[in-house]
Structure formats: C-alpha cells, structure tokens
Amino acid sequence: MAYEKRFDERGFDELRPIEAKVGVVKNASGSALFKIGKTVAIAAVYGPRELHPKFLQNPQTGILRINYNMMPFSGHGERVRPGGSRRSKEINMVIQNALLPVINLKEYPNAVVDVYVELPQTDAGTRCAAIVAAAMALADAGVMMKDLVSAVAVGKVEDKIVVDLIYEEDSYEHGSDVPIAILPNSGKVSLLQMDGDITPEDLQLMIAKAKIACQKIYDVQKAALKERFKKTQGD
Amino acid sequence: MKTEQTSIVEDKTIAVPGEVIAQGMGFIPSTGTYRENENIHAARLGVVSVDGKVIKLIPLSGTYLPKLNDRIIGKIIDVLMTGWRIELRGPYSAVMPLKEATSSFVPRNADLTQYFALGDWVVGKIVNVTSQKLIDVSMKAPGLHKLKGGQVIEVNAQKVPRIIGKEGSMISLIREATGCNMIVGQNGLVWLDGEPQAQLHAVEAIRKIEDEAHLPGLTERITAFLQGKSE
Numbered sequence: 001m002a003y004e005k006r007f008d009e010r011g012f013d014e015l016r017p018i019e020a021k022v023g024v025v026k027n028a029s030g031s032a033l034f035k036i037g038k039t040v041a042i043a044a045v046y047g048p049r050e051l052h053p054k055f056l057q058n059p060q061t062g063i064l065r066i067n068y069n070m071m072p073f074s075g076h077g078e079r080v081r082p083g084g085s086r087r088s089k090e091i092n093m094v095i096q097n098a099l100l101p102v103i104n105l106k107e108y109p110n111a112v113v114d115v116y117v118e119l120p121q122t123d124a125g126t127r128c129a130a131i132v133a134a135a136m137a138l139a140d141a142g143v144m145m146k147d148l149v150s151a152v153a154v155g156k157v158e159d160k161i162v163v164d165l166i167y168e169e170d171s172y173e174h175g176s177d178v179p180i181a182i183l184p185n186s187g188k189v190s191l192l193q194m195d196g197d198i199t200p201e202d203l204q205l206m207i208a209k210a211k212i213a214c215q216k217i218y219d220v221q222k223a224a225l226k227e228r229f230k231k232t233q234g235d
Numbered sequence: 236m237k238t239e240q241t242s243i244v245e246d247k248t249i250a251v252p253g254e255v256i257a258q259g260m261g262f263i264p265s266t267g268t269y270r271e272n273e274n275i276h277a278a279r280l281g282v283v284s285v286d287g288k289v290i291k292l293i294p295l296s297g298t299y300l301p302k303l304n305d306r307i308i309g310k311i312i313d314v315l316m317t318g319w320r321i322e323l324r325g326p327y328s329a330v331m332p333l334k335e336a337t338s339s340f341v342p343r344n345a346d347l348t349q350y351f352a353l354g355d356w357v358v359g360k361i362v363n364v365t366s367q368k369l370i371d372v373s374m375k376a377p378g379l380h381k382l383k384g385g386q387v388i389e390v391n392a393q394k395v396p397r398i399i400g401k402e403g404s405m406i407s408l409i410r411e412a413t414g415c416n417m418i419v420g421q422n423g424l425v426w427l428d429g430e431p432q433a434q435l436h437a438v439e440a441i442r443k444i445e446d447e448a449h450l451p452g453l454t455e456r457i458t459a460f461l462q463g464k465s466e
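Same order as they appear, the protein sequences are chains A and B.
Numbering-wise (the working numbering), the first sequence opens with residue 1 and increments by one.
Numbering-wise (the working numbering), the second sequence opens with residue 236 and increments by one.
So here's chain A without its partners, still in its complex pose:
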C-alpha cells in the first residue's frame, strides 16, 4: 500500500505553518516561543547563575541543564501524567546534546544555564520544537553561541519519506520517526534519532531533506531574534 496523500494533505516535503517569537517570558534571562502546526513550545532560559546542588558543579565550565515538559493537557485527550518520566529524562539529554556543540560556557565555571521548555500543546515533533525554541531563548539570554540550532522530525510512512510529522504519521504502524537537528551555518548534525525501520539510503535522504527544511526554520528563528530589537523611533 502506498502513502498517496498525507493525512493533512500537505506536500511530502512541506512544513506545517511555523511561527516564532522571542522575549515572551519577562522574568527569564531569555525566552522564545516556537509553533509548528499544532505543536507549541515555550522556552525560558535562566542564567548563567549559581548551580545547586554543588556536586553538579564543573570547575572547568558552566553547564547546560534542560528541563523539557509536556503539559498535562497538551496531548490528544489522553492524560499526560505530570512530572518527569524516563522519556522526558532521555529527551532532556538529547536536547542538551543537540545544543552543547554551539555553546561556550568556559567563562562561567561552576555556574549553570537552566533551560526550561514547556509544551502546552503537542502534535508530534516536540523535541525538535523544543530545540528550536531553546536555541532562540539562549541567544536572547546573551549566551555565547557559535551558531543557532534548528530541528525537524522527518519520517517514513509506507513508502514515502515525509518532512515534519504529525501525530498520525508519527504513530503510524510500521512507520518511522527520525528527529534531526542541524547547525544551520555548518550543516552539521547535532541530533539524530530513529524509531522504526529504514534503509541506509532512506536515512541519507532524510538528512538531506531535513537540512532543507531546517534552513526555512532557521530563517524564522533569525527573523524572530532580530524582530526583538526592532523599534521605530517615537514609540
């Protein structure tokens, strides 16, 4: 059976509508909102600040601490139990690994940069949306960064490779979910995971498609960051 038309009738390489805004959490050092289709991620960055508990302190560099959370009402009606889980612990780790390559915290030994990402509404691609929002929030907070990070969830449904999965595609039986994060200026990959079965050729193609999709997301991230500081005189 072939996947002729996507469930939401998008093109196979087409992203859902995306929206980004920087500076949405006033108390935070930096913050950003990223919306892709129905998936909404809000990231707030606090720090660099003193790190407690002390045993986590690293005298050679500041550390990045990620706290990803899907809100209890965020899913499709099933109750998402609040609090951490094995899954959210893993996602914290992969988001941290996706962002660390661009961040330089050597000037802040023993300190921490805390990144909280909350998702009030989810429709697949959550860890990718979290990474996109977190990258903008870190830049907003003035953290030294070599590059931003963009991310998108690519997948395979039946015989077609699709870009930017929705929940139905993500949970499709015999489908595949491949979240990918890219550093836009160098094209390097900082997150690559896979659920399901694909061929090596599929993977190469998915990475290539992800790079194209991530450029579009990067443009939106750039615009949102610059928009933060645009102000007409006399306002």
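For the record, the hints were derived by calculation from the structure and aren't laboratory data.
Possibly wrong hints are sitting among the right ones.
Stated by the list, open to error - Just some of the chain A residues that point at chain B, by a computed CB distance under 8 Å:
id : residue
1  : Pro48
2  : Arg49
3  : Glu50
4  : Pro59
5  : Leu105
6  : Pro109
7  : Asn110
8  : Ala111
9  : Asp114
10 : Ala139
11 : Ala141
12 : Asp147
13 : Pro184
14 : Lys188
15 : Phe229
Claimed, not checked - When the alpha-carbon atoms are kept at most 25 Å apart in a straight line, the in silico SDA-like pairs for lysine to any residue are as follows:
id : chain 1 : residue 1 : chain 2 : residue 2
16 : A       : Lys106    : B       : Val330
17 : A       : Lys21     : A       : Lys106
18 : A       : Lys188    : B       : Asn274
19 : A       : Lys35     : A       : Glu9
20 : B       : Lys368    : B       : Asp305
21 : B       : Lys302    : A       : Gln57
22 : A       : Lys211    : B       : Gln258
23 : A       : Lys211    : A       : Thr122
24 : B       : Lys302    : A       : Asp114
25 : A       : Lys146    : B       : Leu300
Built from N, CA and C at the ideal position, the CB exists for glycine as well.
Based on the hints, put chain B in the right spot on chain A.
Okay, now just chain B, sitting in the frame of chain A:
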C-alpha cells in the same frame, strides 16, 4: 589574477549567533565574533560594530562577567572571619578582605558588623578575579564608600556603557537634569538619591536608555525626554 572577495554587513546591524557578518581575510575579528576560513561570524546575539578593519559585536543581553578594575555596587550578604561577602548579582559573589575595607586599625575579635553590616550597600572595585571566578573587592580608593539612603535599581549589565555615555556624558546629562546623585556599577546596579520626583524621572530615563540603546540619536532623545519631564 585571483581577486579576493570581501563584503561586510553595515555597521549597527543586528546579528544572530553564527551569522556571517564579514567575508575576507583583511578583517580582524574582535570581541563577540570569530573567524572560520574566509568568514567572520557573530558569536552571540548583538549589534555589529565596524571600526576600520576591526569587527566587534556589542551584546544586547547577558549576565555580568566580573572584570579586574570594574567599579561595582554590591550588598553585604555575609560576615566572614576576616572580611565580608558581597553579592554582585550574577553567578559569582565577591569577598572583601579586612585590609581592603579600611585603612584604620581593626583589633582582633572586633565585631566586623561595626564596619559593614549585613544588608549594607557599598561601591567597591574589583581587584582580583581568578580563573575559577573567585573575586576580591576593595574599598580603599577615592570614590569607594558605603551607600547611605537613596535606592538601588537593577539594569541590564550590557547597557551600562550606554547609561554612562562617552566620558560620562549620558549620566551627567541625567544628573544635571534631575539633580540626583547617581553611581553606576559595571555589574548592572545603579544607586541614585534625590528628591522623590527627580528619582522617578532619573529611573524613567535609565529605562528608556536600556530600551533604545541600540538605536541612533539616543542622546538627543534622552535630552528631549528629560526636558519634557522638568516642565
């Protein structure tokens, strides 16, 4: 003949981390930027500043990073055996050893709170920063003293140069227009004292500078703003 391709973004454009702001080997990457092959990239979010061949990035946000000789405003948060601990607002606190606090003789077992008590605000100078960000502060220089009265406000530490202005021009502007006493700490704390209305106007002016620091013509706008307030 091979011609070298050079290009550079306009001075005062906003750049995001990783964005290419100049191409060509003739440019020199300075603070907030880095070079990768032909290109110079922004190393954080900020405003590009071009000075001849030198390209710098002026940050718009970020925590205060303590530097030697910085004048800072801090609060005494702990009394130690031989000194005091001062909060600087940021991930690191500072220590002021006894001999840096006062030239007068301090007898053994003296009650150190007689000199500086918990909650006192002070203006000091950073005299040492180690690689592990242990900070020493001194108050033994002209202009450094305990602060009495007035209020202390938090400002964006990256906007401090703008608030002070070239050779203190901006802060003098506010002082003259409002009649307030003001001291600006590099760590993003400002102390001011004066008539209540005047203090209000001074704080409003400072907030305006923070919001519009990256836009041109700031001095004129602040002058006009303060004139408007004094009418």
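A quick look at each hint next to the structure:
Taking 8 Å as the C-beta cut-off, the interface hint given for Pro48(A) holds, the closest approach to chain B being about 5 Å. Evaluation of the Arg49(A) hint against chain B yields a held restraint, the C-beta minimum of about 5 Å falling below 8 Å. For Glu50(A), the shortest C-beta to C-beta distance to chain B is roughly 5 Å, which falls under 8 Å, so the interface hint holds. The interface hint given for Pro59(A) holds, since its Cβ lies 6 Å from the closest Cβ of chain B, which is under the 8 Å cut-off.
Residue-level restraint check for Leu105(A) is violated (minimum Cβ-Cβ distance to chain B is 10 Å; threshold 8 Å). For the restraint placing Pro109(A) at the interface with chain B, the shortest Cβ-Cβ distance is roughly 5 Å, inside the 8 Å limit, so the hint holds. A distance limit of 8 Å between C-beta atoms decides the matter here; for Asn110(A) the minimum to chain B is near 7 Å, and the interface restraint holds. Annotation: interface hint on Ala111(A) holds; nearest CB of chain B at approximately 4 Å, less than 8 Å.
Using the Cβ-Cβ criterion of 8 Å, the hint placing Asp114(A) at the interface with chain B is not satisfied: the shortest such distance is roughly 11 Å. For Ala139(A), the suggested interface contact is upheld, since its CB lies about 4 Å from the closest CB of chain B, less than 8 Å. Given the 8 Å rule on beta carbons, the hint for Ala141(A) holds: about 6 Å separates it from the nearest Cβ of chain B. Taken as an interface hint, Asp147(A) checks out: its beta carbon lies about 3 Å from the nearest beta carbon of chain B, inside 8 Å.
Because the beta carbon of Pro184(A) sits about 7 Å from the nearest beta carbon in chain B, less than 8 Å, this interface hint is met. Proximity of Lys188(A) to chain B is violated relative to the hint, the smallest CB-CB distance being about 11 Å (cut-off 8 Å). Interface hint status for Phe229(A): upheld, as the beta-carbon distance to the closest one in chain B is roughly 5 Å, under 8 Å. Taking the CA atoms of Lys106(A) and Val330(B), the gap is about 22 Å. The hint holds against a cut of 25 Å.
With a C-alpha separation of about 28 Å, the suggested pair Lys21(A) and Lys106(A) falls outside the 25 Å cut-off, and the hint is violated. Taken as a hint, the Lys188(A) and Asn274(B) pair is honoured in the structure, with Cα atoms around 17 Å apart against an allowance of 25 Å. Between the alpha carbons of Lys35(A) and Glu9(A) the distance comes to roughly 19 Å, so the proposed pair stays at or under 25 Å and holds. Restraint check: the Cα-Cα separation between Lys368(B) and Asp305(B) comes to about 14 Å, which is no more than 25 Å; the hinted pair holds.
Annotation: proposed proximity of Lys302(B) to Gln57(A) holds, straight-line Cα distance about 22 Å (limit 25 Å). Using a Cα cut-off of 25 Å, the hinted pair Lys211(A) and Gln258(B) holds, with the two alpha carbons roughly 23 Å apart. With a C-alpha separation of about 23 Å, the suggested pair Lys211(A) and Thr122(A) falls inside the 25 Å cut-off, and the hint holds. Of the supplied pair hints, the one linking Lys302(B) and Asp114(A) holds, its CA atoms being roughly 24 Å apart against a limit of 25 Å.
Proximity of Lys146(A) to Leu300(B) is assessed by CA-CA distance (about 19 Å); at most 25 Å being required, the pair is judged to hold.
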